[in-house]
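Chains as they are written, first to last, in the numbering used here: chain A, 529 to 588; chain B, 509 to 745.
Calculated from the structure, these hints are not laboratory results. Wrong hints could be hidden among the right ones.
[Stated by the list, open to error] For each label pair, taking beta carbons as the anchor points, the in silico distance ranges come out as:
no., chain 1, residue 1, chain 2, residue 2, range
1, A, T542, B, A542, 52 to 58 Å
2, A, T538, B, D581, 47 to 53 Å
3, A, G563, B, A679, 34 to 40 Å
4, B, S676, A, T571, 45 to 51 Å
5, A, T558, B, A686, 22 to 28 Å
6, A, T571, B, A709, 29 to 35 Å
7, A, A548, B, E580, 38 to 44 Å
8, B, G612, A, D570, 39 to 45 Å
9, A, A567, B, V583, 20 to 26 Å
10, B, Y541, A, D570, 16 to 22 Å
11, B, P640, A, I547, 34 to 40 Å
12, B, A545, A, I547, 49 to 55 Å
13, B, I622, A, T571, 32 to 38 Å
[What the hints assert, rightly or not] Computed list of chain B residues with no C-beta within reach of chain A, every gap over 12 Å:
no., residue
14, N677
15, D700
16, T704
17, G706
Ideal placement from N, C-alpha and C gives every residue a C-beta, glycine not left out.
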Amino acid sequence: MEQTKHTQATLPLTFQQRIAATLAAALLGTFLVYGVGIANSDTMHNAAHDGRHAFAFPCH
Amino acid sequence: MIGRILLAAVAAGLIAGAFVSGAQMLKVVPLIYAAEAYETPATTEAHSHSHDAAAAESGHNHDHDTAAWAPEDGVERITYTALTNIVLGAGFALLIAAGMTLRGRATDWRQGLIWGASGFLAFSLLPALGLPPELPGMAAADLTGRQIWWAMTVAASAGGLALIAFGSNWALRFLGAALLIIPHIVGAPHPDEFSTGGVPAELAAQFVATSLVTAGVFWLLLGALTGHFIGRGLQTD
Chain A
529 MEQTKHTQAT LPLTFQQRIA ATLAAALLGT FLVYGVGIAN SDTMHNAAHD
579 GRHAFAFPCH
Chain B
509 MIGRILLAAV AAGLIAGAFV SGAQMLKVVP LIYAAEAYET PATTEAHSHS
559 HDAAAAESGH NHDHDTAAWA PEDGVERITY TALTNIVLGA GFALLIAAGM
609 TLRGRATDWR QGLIWGASGF LAFSLLPALG LPPELPGMAA ADLTGRQIWW
659 AMTVAASAGG LALIAFGSNW ALRFLGAALL IIPHIVGAPH PDEFSTGGVP
709 AELAAQFVAT SLVTAGVFWL LLGALTGHFI GRGLQTD
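Isolated chain A, as found in the complex:
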């Protein structure tokens, strides 16, 4: 019962704050994941090589 109550509580954010936080987190997150996992620069690839293989990103 307590669990049900808890999961239905909402984050203490206004609608605008929620949208702004979602956009900021999504953009920054996509940027980081793209840079580390996908960017085709040789330097980025070589630095992140073992991590890319370990996380099964398509790599060379």
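Knowing the structure of chain A, use the given hints to seat chain B on it.
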């Protein structure tokens, strides 16, 4: 407020990334090093012949075929791998945080576990159905094609899971299930001829299992930490 959410995600990524680096050093990275011992310039060349020139040029150039910078084997290489994991952890945690704030429900580590499990499905397990984790030296189709299929599959899987979990009616949930399945009906790009490039099949099979298990543990930890930190970070207000 936004700063706290971003900070919570970065902290979760730092911890989970550091943790998974330890696990990788023990179980995953030794398999990559072992595979590289089989990767001779001859196999690299054979690999590049079977695909287009652009793929060959941006192909494997870790140590032998171009002058591009690469970390020295040893401490430097391990450090960059750990750094990669931490940045990747922060990136994935930010994407989980974006999902949580868009959803708008209160969160804790238990909620976070479900988000983490979904992240594992969308980013690791479902794409692996088309493009299994690969060791260096194994034959593969053109890189750009595989990256596009990977990104589309991640997006479709994440959207599909969200529709199944949050959809308000059965039509939306069925649409979600369809999104999960479609990338695998389309199919991932595969090379004309499969080859492990001399890497023993046992090594490749071991790598698929260990890298997926390690990624699964990482995602569960990352989700739980993100849920916990965001829940705590917003509570104090």
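Against the structure, the hints come out as follows:
Range check, T542/A to A542/B: Cβ separation about 54 Å, and the 52 to 58 Å hint holds. Checking the proposed 47 to 53 Å range against T538/A and D581/B shows it holds: the Cβ atoms sit about 50 Å from each other. The supplied range of 34 to 40 Å is met by G563/A and A679/B, whose beta-carbon atoms lie about 37 Å from each other. The given range of 45 to 51 Å is respected by S676/B and T571/A, whose C-beta atoms sit roughly 47 Å from each other.
Against the hinted window of 22 to 28 Å, the Cβ-Cβ separation of T558/A and A686/B comes to about 24 Å, which satisfies the hint. About 32 Å separates the C-beta atoms of T571/A and A709/B, a value consistent with the hinted range of 29 to 35 Å. Remark: the range hint 38 to 44 Å for A548/A to E580/B is upheld by a beta-carbon distance near 43 Å. For G612/B and D570/A, the Cβ-Cβ distance of about 42 Å falls inside the hinted range of 39 to 45 Å, so the restraint holds.
Look at A567/A against V583/B: about 24 Å separates their beta carbons, and that is inside 20 to 26 Å. For the pair Y541/B and D570/A, the supplied restraint of 16 to 22 Å holds, since their beta-carbon distance comes to about 20 Å. Taken as a hint, the range 34 to 40 Å holds for the pair P640/B and I547/A, whose Cβ atoms sit roughly 38 Å apart. Restraint check, A545/B to I547/A: a C-beta distance of roughly 51 Å satisfies the suggested window 49 to 55 Å.
At roughly 37 Å, the beta-carbon separation of I622/B and T571/A lies within the given 32 to 38 Å, and the hint holds. For N677/B, the requirement that its beta carbon stay farther than 12 Å from each beta carbon of chain A is met, with the minimum near 19 Å. With a closest Cβ-Cβ approach of about 17 Å to chain A, D700/B is found to remain outside the 12 Å limit, as its non-interface label requires. With a closest Cβ-Cβ approach of about 14 Å to chain A, T704/B is found to remain outside the 12 Å limit, as its non-interface label requires.
Listed as a non-interface residue, G706/B keeps its Cβ farther than 12 Å from every Cβ of chain A; the least gap is roughly 16 Å.
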